[in-house]
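Undergrad: Following the hints, complete the assembly by docking chain R onto the known chain X.
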Amino acid sequence: MRKILSFILILTLAMSTFLVGCGAGNEDSADKGNGEAALKVAMVTDVGGVNDQSFNQSAWEGLQRAQEELGVTVSYKESNQDADYAPNMEQLLDENNDLIWAIGFKMGDTILAEAKNNPDQKYAIIDYAYEETPENLVGVVFKAEQASFLVGYIAGKMTKTNKVGFVGGIEGVVIDGFDYGFQAGVKYANPEVQVLRQYAESFTDSAKGKAIANSMYQDGADIVFHAAGGVGDGVIEAAKEQGKYAIGVDRDQNDLAPDNVITSAMKRVDNGMYNITEQLKNGEFPGGQTVVLGLAEGGVDIAPTSDKHVPKEILDEVATLKQKIIDGEINVPFNAETFAQFK
Amino acid sequence: MEGSLILTIGFILGTTLMYATPLIYTALGGVISENAGVVNIGLEGMMTIGAFTGAAVGYFTGNPWLAFIAAGLAGGFLALFHAIASVSFAADQVVSGIAINFLGPGLALFLSRIFFEGATMTKSISLNDKIPRPFNGIFPQNSILDLIFNQYATVYLAFFLVFIVWYSLYKTKFGLRLRAVGEHPKAADTLGVNVYKIRYWAVILSGVFAGFGGAAMSIAVVSNFRPTLISGQGFIALAAVIFGKWKPQGAMLAALLFGGAQGLTVYLGGTGIQVSSQILAMLPYVITLIVLIGFVGKAVSPAANGVAYEKGER
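Chains as they are written, first to last, in this note's numbering: chain X, 5 to 347; chain R, 273 to 586.
Hints in this document: simulated from the structure, not taken from any laboratory. A hint or two may mislead.
As the list claims (entries may be wrong) - With a straight-line Cα cutoff of 27 Å, these simulated DSS-like cross-link-like pairs (lysine-lysine) come out:
hint, chain 1, residue 1, chain 2, residue 2
1, R, Lys-395, R, Lys-445
2, R, Lys-583, R, Lys-570
3, R, Lys-395, X, Lys-312
4, X, Lys-248, R, Lys-395
5, X, Lys-161, X, Lys-316
6, X, Lys-161, X, Lys-126
The shape of chain R in the complex, shown without the other chains:
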């Protein structure tokens, strides 16, 4: 019993990491964009195009890292449209984001039909051509260490990127400018910061991260893309941004909490306890809500978040 409890904890932690990783990437994208003052509801669409690009490039080249980078570029490309609409043309950022959410899946489907003989699903990538698992085979199979740490490299990269984003936002000149643009763009402009340029980069970067998040689903969690692969993760990541108070480490914790709740749900569902699986399926959302209400406290968004900046306006 003692041993099985440890294995249970190992399983839940392992599932947490698997579940949280795509959310962490995408939430980091949201953090960057929103700290610069651009609301990015289009994360879901950018994730979808990233998931497709990752799966397709991975299948055709057999190189998972090339696929991962291509997925980021695809997400960034889609984000460029969001930037043009919401930064250059001062369009409503929510509307533009919704448009991206329609455009992303539509484009993915369209491209899939071209490259995969009309199929809406990409072909499966073989295990050897997927993102490597650095700790695979090092620990004995089904031991606690194996259950927790035998993850794809994308998992470890996600945590590394949390640190990088935190460092860039709070310890570099670029980060300071980015946050200034999100808090008070006019003041930043007065001091010679190019608000448009910073916002463009922030939105494009957020697309790159969302693309990574999509690829973390399509070439690590599973090995093919299908239109329903990304269904809601982008929005959960967006919630994680707000939940995490617009900070990279906060968003990471929120994603981990959600992943942990999912792991717990799956574990409880397998124990044969007499709770209907519908109720169990609600658990992650209920836990998230309770924590949000009870423990997080007041969250203050960047002051100019969601407000388009137009030069010379009073």
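Just chain X, same shape as in the assembly:
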């Protein structure tokens, strides 16, 4: 009896690992019809997985568009834990890909080491800027402050209490862009508006996000913007419960609370992936550089659903502002120093 039971148990455990493995397995959507010369481009997701409804998913959509429009062959490898990054990259290396992408700053050190070990292989990474980039590597970063400036402007124009809030994840270079870009946008719209700022020191603690947003709404803020990953779920939940407004981040988060999320500061990772892939195809791979994508390159934008809540006049003004940023008339600040110089 005992032996049978233990056998069943082992079988169950083995099956479950197998099934989970299946769900996360790689998927070669090889387009074999394009002949021998088709470029092969592959990406390694971070632990979020390819359907994370955030930047990994956006990255894969960019590659899929490249497959359709540029005729390259694309594939991905999912990472279930941080330790998977290097093996996944090695495997893609063995598969003779022309370009290997790492999605997310967590892979910054791994891909740098890989790039140094394999100087003939081209690599690129999203959300990482190196001080010295090897010739076969490209860092792609986004001017999050520009999109944050635009949503800040919307918040500054739409607030009725002259108080808005910002909830950050963990302080650092990346979130600073959101923070100060947003503040600048609010001030640009209406210098009278006060911005309450608080950091959760976490990207996962939804309950803390909710508590912070609750305290901001209680203090009289009526719109809260977050750049804090899972913490933001709590921020949006607080808006939903209190009937206040929230602003989403990275992707269009209106689906989380259709009546409360008025706009989102979007990062278009897909456009970044597509652009670099196109450059690779044209023989213009920007190796050794950090590519910075802003409004002009389609790297960041506000959510397409913004017109549900934001009045048309304000959106028209936002369109004008966008042009001014692209033309360089407005230089959006991205940290405390540049913000101090801004006004």
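TA: What follows is chain R alone, placed relative to chain X:
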């Protein structure tokens, strides 16, 4: 100023309740299991599967209570594996618990991909389909009573369950047997108590409670599941069990203390005082440590906690 002080207290107390609730459910699970002599490190994994099941069932059926019960069943189901391994096969309880902590999130992710078109996040539940808030709209908005008592029903249920668990453990025959099994299983066995059966039920019940705790996160605190939703709460609940000296009321107080410290942190962070938010973020843990060192005193665990029982062994 007077009025704002009262509102501040209201805010901190309200945040305390919100924060503590998932921990209370899960810690109750830990209390039941450990009093029967089975260490349950797998609470985190059971919470995760409960959080996912609650969010998914809530989304598809629109019935929050069905979702809550389903979350409990899912947690209990996962706990069954822990029971089989650690009770029937006398495996190391810590190792089995760690396995559960890997299995829970993996399974949740896998199921999420099946039911939500490959997404690792479930779709958001609308406010009307969430657990009801019995005192919503009764007090004026942002008044002190509203700040404290306008909570989801899961909050009140948690306190009710603390009482139920306390009563069952200390005032019923089942509770006496359960504690006997945790203190001296051989003696209990000699007196005709079925040690295996009691331990099985205790472990499964602990999974049910941890599942409730997960659902209290995914269908009350927020309204969707994502893989990072449960990150550490199970372990904090486990600490609350030990902190609370393996008693339901003690574990509840420990969870409330932790929640209160979080509320204080959030409040202080919003006052603009010149303390870096990293330091503030440590506050809940530091307060917990200080109280643990200074005020709790010696904690004695159930004597047979963590020891597998094998019939006829000398």
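Undergrad: Now look at each hint and say whether the structure bears it out.
TA: Here is how each hint holds up against the structure:
The hinted pair formed by Lys-395 of chain R and Lys-445 of chain R fails the criterion: a straight-line CA distance of about 44 Å is larger than 27 Å. The suggested pairing of Lys-583 of chain R with Lys-570 of chain R is violated, with an alpha-carbon distance near 32 Å, which exceeds 27 Å. Of the supplied pair hints, the one linking Lys-395 of chain R and Lys-312 of chain X holds, its CA atoms being roughly 20 Å apart against a limit of 27 Å. This hinted pair checks out: Lys-248 of chain X and Lys-395 of chain R have alpha carbons roughly 21 Å apart, not beyond 27 Å.
Under the criterion of a C-alpha separation no larger than 27 Å, the hint pairing Lys-161 of chain X with Lys-316 of chain X is consistent with the structure, at around 12 Å. Our distance criterion of 27 Å between C-alpha atoms is broken by Lys-161 of chain X and Lys-126 of chain X, whose separation comes to about 45 Å.
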